[in-house]
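Q: Start from the sequences, fold in the hints, and give me the full structure.
Here the protein sequences line up with chains B and R, keeping their order.
Numbered as in the numbering used here, the first sequence ends at 137 without a single skipped number.
Numbered as in the numbering used here, the second sequence ends at 201 without a single skipped number.
One or more of the hints may lead you astray.
Pulled from the structure, derived: some chain R residues nowhere near chain B, Cβ distances all over 12 Å [what the hints assert, rightly or not]: (1) Pro136; (2) Arg138; (3) Val141; (4) Gly143; (5) Leu145; (6) Leu146; (7) Thr148; (8) Gly149; (9) Ser150; (10) Leu151; (11) Ala152; (12) Gly153; (13) Val155; (14) Ser176; (15) Leu190.
Computed footprint of chain R on chain B, listed as stretches where at least three residues anywhere in the stretch have a Cβ under 8 Å from a Cβ of chain R [claimed, not checked]: (16) 8 to 21; (17) 45 to 56.
Simulated from the structure, these hints should not be mistaken for laboratory data.
Please read all numbers here as calculations on a predicted model, not as lab measurements.
Beta carbons: idealized from backbone N, C-alpha and C, even for Gly.
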Amino acid sequence: MLAPMDAAQAISDLTEISPQIRYVAVLAADGSVAGSNLFDEAAATRLADGARRLVEAAESMRPGVAQLEAATVTGSVFVVRDGDRMIAATTTPEPTVGLVFYDLKTCLRSVEAAKPPARKRRAPAKKQEPDDAAA
Amino acid sequence: MPPRKLVTGFLLATGSLAGSVLVRRRAARRRERIDLYAEDGSMHSFAEGSPEALRLLPLAYEILASP
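A: Written out as structure tokens, the structure is:
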């Protein structure tokens, strides 16, 4: 079981252990960018939007796509889904496919899912005994 | 023909064959493609030129070019 961590830390660890990976973006369930190693916010959004469109197009051809790789001569695009969340990455040409998928899944799972704040349970109210009961 | 020349010729032919196999394998690996992995564990690979790749590869080029 992986300890949950913030997206920036998870992405930093990912790019450190996998030098084939160039750019990464983690997409939250609502479609927003939860984290990226791109300093330019607009570029991170472009990567996230592109990955979403790629998955939507793939899904329209083969429903139930869990992950994909688009390999080109200039590099590859990887997208991995975990429920409603997604991680997208670009790599150098001819990456080690299995290793990249494994590292992306590990990164996505280690990113703490945004959860609504847990509601504290209230202790049941004590019954007030009537004063005359003691008498 | 002297046996030495025969051996040299054989080695040259074998080397050429092995080299061509390696080059072909490498070229095949470099081909552009889309691999889709489904939730049930199945995988579909679409090589360049297929209708699926023609639709998906431009989206990948766009992503790779954008940052």
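Q: Among all the numbered hints in the text so far, which are the ones the structure does not match?
A: 14, 15, 16
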